[in-house]
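Asker: Start from chain A and add chains B, C and D according to the hints.
Number of protein chains: 4
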Amino acid sequence: MKVGIIGASGYGGLELIRFLHNHPEVEQITLFTSSEEGTIFSQKYSHLLNILDQPLQRIENDRLEQFDVVFSSAPAGVASQLLPPLVGKGPKLIDLSGDFRLKDLALYEEWYKKEPAPASAVAESVYGLTEWNKAAIAKAQLIANPGCYPTAVLLSLLPLLKENLIDPSQLIIDAKSGVSGAGNQPNQMTHFSETNENTAIYKLNQHQHIPEIEQAFSLFAQDAPPITFSTHLVPMTRGILATSYATVAEGMTEEDLVNCLEETYADKPFVRIIRETNKFGTNQVYGSNYCDIHVKVDPRTNRATIVSVIDNLVKGAAGQAIQNMNVQFNLDETAGLAHVPAFI
Amino acid sequence: MKVGIIGASGYGGLELIRFLHNHPEVEQITLFTSSEEGTIFSQKYSHLLNILDQPLQRIENDRLEQFDVVFSSAPAGVASQLLPPLVGKGPKLIDLSGDFRLKDLALYEEWYKKEPAPASAVAESVYGLTEWNKAAIAKAQLIANPGCYPTAVLLSLLPLLKENLIDPSQLIIDAKSGVSGAGNQPNQMTHFSETNENTAIYKLNQHQHIPEIEQAFSLFAQDAPPITFSTHLVPMTRGILATSYATVAEGMTEEDLVNCLEETYADKPFVRIIRETNKFGTNQVYGSNYCDIHVKVDPRTNRATIVSVIDNLVKGAAGQAIQNMNVQFNLDETAGLAHVPAFI
Amino acid sequence: MKVGIIGASGYGGLELIRFLHNHPEVEQITLFTSSEEGTIFSQKYSHLLNILDQPLQRIENDRLEQFDVVFSSAPAGVASQLLPPLVGKGPKLIDLSGDFRLKDLALYEEWYKKEPAPASAVAESVYGLTEWNKAAIAKAQLIANPGCYPTAVLLSLLPLLKENLIDPSQLIIDAKSGVSGAGNQPNQMTHFSETNENTAIYKLNQHQHIPEIEQAFSLFAQDAPPITFSTHLVPMTRGILATSYATVAEGMTEEDLVNCLEETYADKPFVRIIRETNKFGTNQVYGSNYCDIHVKVDPRTNRATIVSVIDNLVKGAAGQAIQNMNVQFNLDETAGLAHVPAFI
Amino acid sequence: MKVGIIGASGYGGLELIRFLHNHPEVEQITLFTSSEEGTIFSQKYSHLLNILDQPLQRIENDRLEQFDVVFSSAPAGVASQLLPPLVGKGPKLIDLSGDFRLKDLALYEEWYKKEPAPASAVAESVYGLTEWNKAAIAKAQLIANPGCYPTAVLLSLLPLLKENLIDPSQLIIDAKSGVSGAGNQPNQMTHFSETNENTAIYKLNQHQHIPEIEQAFSLFAQDAPPITFSTHLVPMTRGILATSYATVAEGMTEEDLVNCLEETYADKPFVRIIRETNKFGTNQVYGSNYCDIHVKVDPRTNRATIVSVIDNLVKGAAGQAIQNMNVQFNLDETAGLAHVPAFI
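Going down the list, the sequences are from chains A, B, C and D. All residue numbers for the first sequence refer to my numbering, where the first residue is 1 and numbers rise by one. All residue numbers for the second sequence refer to my numbering, where the first residue is 1 and numbers rise by one. All residue numbers for the third sequence refer to my numbering, where the first residue is 1 and numbers rise by one. All residue numbers for the fourth sequence refer to my numbering, where the first residue is 1 and numbers rise by one.
Honestly, I wouldn't trust all of these hints.
Short, incomplete list of chain C residues facing chain A, as computed with Cβ under 7 Å [to be verified]: (1) V179; (2) N187; (3) Q188; (4) H191; (5) N196.
Derived from the structure by calculation, the hints contain no laboratory data. Ideal placement from N, C-alpha and C gives every residue a C-beta, glycine not left out.
One chain only, chain A, in its complex shape (with noise of 0.2 Å):
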């Protein structure tokens, strides 16, 4: 396979390049930009060396149809420009910006607040989350694939929403992440000296990520009024860990909530339910590919509450853009991304 990158110079593109150098059934990939041409990117990023040495290409459509996949991990407001012209010719599409994947194209406005892409476009994206929409996938040319926020959150909740086995009117969701999620761009919010020793709450009840999870409940599990969902920052790079807490429904109880999770992902090979713990954390999921769901119902208010941790640029975003391409081209979904998780 040939492979294709746009907007490899972000973290989303370094780690799809991370992946795929080891994938068995890649075997070139190569790097496009809108304003680096030319630039060797070893040279930018070393940690490349020997590895990726290829200069930049300029993006070009006649040049891009001619891969078999091509990812972008362009920005929002610019993956809605440069994806579209591609739709239709060859190469799957996966696109890892927010730019596809909201139906409603008056509620990306609202909440993106730039102009979506063309609505065809739109309508052809099939939502990438890939334990509950492989069939779709399977056939999709462009997949819009999911943010680091509702991928956490939404892997840990729909099967409970699904069978109604919490209340949705309820919902409230706490996500911490690590500051790799705002991307390469430096600016105050990421500037070392003001994130370190600081967990900061951002964006109250502005995250763009809120839509989409609703989004996703109406999907692939039911309608529920609009949720509350918050977002924190925490002084580490890597990891987002999401807490969200629900009524339990009417005589369910902790080991129903246990056993729907564990069916619904028993034979999904990025999904582990971890029974019993003291302390569950982002470290477990390091590097990796996987999302751990751990879930308590507190009998002094049968309220559960449910924790999530993934790595946010894995599979909150490039490892599940290439679990996605697997999914695309037939392959076994963890070809290239058996990464065992770091912990330490």
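Answerer: Positioned in the frame of chain A, the structure of chains B, C and D alone reads:
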């Protein structure tokens, strides 16, 4: 004033020393220990060289009775034994452990899994949430200094509960803490390589600060149903950020909530209400005795998100303890505590 | 005393505010800016709410002349323009940039790649290494406050060079710094995701503090050959640890070196010699104006390893600046600076 | 191949598992323990759930003899007891401790303060610095895998010493390490709150890697006088950066040094020479088996600064161990080790 500190080697003790050393009314600080008698303190902690070079003293009630005030930074289960013999004697007593906080001894046993302190001493003790209990603190001999999490949670929620601005029946509190809250004893949970680059949930539904928060709701605001309260460890040393979620009471608005908080704390030097912010984090109170609070109501859900930040070792421990000492001795509440937050 | 601060938005400025706010002789602090006139400072930096709520003022020489002392935390290349008009006028001037440190203007141009300050102002300036230049500082109007690295290096090496206890011809200095030394402007080098979990060497053989150290050797100890000095960025916010290596002079012992250091600083409140230690690190001076020094001689090599630690923002910048102000105004050297190191 | 791992619970063991799990020639991994027999490994380390769910086995020589290769990640002082009975038996043996590295047993006792391993086993062992000892490794049964610091130091200095490009008599090596090098046993030195936001020097002139480096100089390059080598702990988990300082030999230039390094490692897949860089750090080898080297000569001093970076747990431990296994079994040196550095 002559001050004695029991358990000075712990982080609470070190912070007491940091602030008391420059307190305008403190003449002398003497350190007591149960196991390190004779150790020159600045040999154990060389950051205190030339500042506190005295040997640690053996704990003897005769000696302790001669101080104006005795702080105990001994752990829970130890303070309960050490302080009761001093009740009714000369010194004011301020305990930083959880041993005198819960008035219901059965609750103490249930959550702490330890023998409670003698009932008479517990009955005598006054809960030291300075902004809410000043009159009682002023007259008390024995102060049960609040826990770090409860301080952050109570200061932000009590006004809203007391004025019935939020619904107490759907309260969810998600707290994030730096690692210093776990104290100075090394263990796997605080081992650098397993804590760095890791955000984790721990003691889910089991944290001993739950009954403390519930008791304070009853005492200062209203009886409320059991709460959902969960605690997370983030890779930083200092700071707590507590994110609380509650349904806004019928007819109330964000402005009502903000006004209530501003009015409650108008004349309180250490509580600040932050109206507008993009990123609200623990570094804005770092190293100081402030508690900052921010609140937003989401019109989509009519739910309030109430966020508060403290330095867990200062307002959440030693700083509030000294603030209580100031109240007990009728000093300016800010004496020795007017440190500017470090931010970086 | 009335104090003006130019460039208060930088980290040097924030630290000046942190210490000056509680300085016993400072009545009023006024902030000046070249680009943010009218901004309410506590809206930009909410950690200063209720502490410093004033608007930033435009830089005007007429106004600045009326202060008792003006600190400049403007960057190199800017201070050189702003301060000279105030030379010979009323206020004492303390500059935290490198613009007035190098007496040889050609050297400034070579290492800073900028236009030097006017020769007359440079000639007028006094190097503000308090422990070594107190008499001149007391009489000076314009202080060139030392760089962070030079402070750590000079305090530890000057006594040994002056007394000929080490060989100046084989001096190697390896310095490690937290990221705050790079200031508050976000860039790739200080971007959290590329700085966290990374130790890096930078500006190898090019750091502008090299000529500053060499000039001070000549001024306070002896002429020495060019030094090898290299700088590393470690993933923490505050702190410098400088490890210096030198051959011990013929016939001298570790005891001689330690004694020399202890004697030199016997009456200096902010320099401490640590004799025995297993682990000697920056956290023992965190947040304080101390410089701690430790020295060992290896009998296998007859080489001394001399280690010093400072908080780069305090003794390496704002703290030493205030110490110099204290000297200029004949106050106790420790006024406003007696903060105990935080350690944790 | 069937692989046994003794001491799998340590960080060296965890990293062996991380790489061996995807090694193309490894069929089976079995874990051995001296104290946790029967523990399901993925219950102790939940990041290995579904990856390695087997119980830990008791160490029995009969069983161990049946493996193709046995790695020992047991600590120094323990490996010396466990491995000798297997010498001369079936399995290849690769020891990650320091117990078989020093050929001079008296030196071992002096620096490790422990009983040395039996002389015959030490005599048998081959030092596993792959790039420098490949022929001997290929024939060896027992490999003494190099220490983390020595690996970083030796790969960068051996070529220059061997070719007489630097003066061995004035060698100063200043090394910085992440905390994982201290292993998984919690203690005060690795306690998060005292390690975070702290850079410290430790074991000054006492580090047991000093004689290992000196021995390898003699073995692979030339006898050299005792070195100055010091070690620092920086607040990150993984990574070593070693900065070495040496006077350049008469008539030699920076270009000579760089060329020598490039030629030495031209056909070595895991050593890369970085010619130009502004910032050279450990993150460029993070999680990988690479050692990157950068060298500059300062014309002012004619001194070379030679900098190398490795991931201490990979090239500095488990990665190099597997590289040695590959050599022993005549596999491609990179088998199972072609991980791309993570960078972020």
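Asker: The structure should be examined with respect to each hint, and the outcome stated for every one.
Answerer: Okay, the hints, checked on the actual structure:
The restraint placing C/V179 at the interface with chain A holds, with a minimum CB-CB distance near 4 Å, inside the 7 Å limit. Residue-level restraint check for C/N187 holds (minimum Cβ-Cβ distance to chain A is 5 Å; threshold 7 Å). With a least beta-carbon distance of about 6 Å to chain A, the hint placing C/Q188 at the interface is held under the 7 Å criterion. Interface restraint check: C/H191 against chain A, minimum CB-CB distance 4 Å, threshold 7 Å, status holds.
Restraint check, C/N196 versus chain A: the minimum CB separation of about 5 Å is within 7 Å; hint holds.
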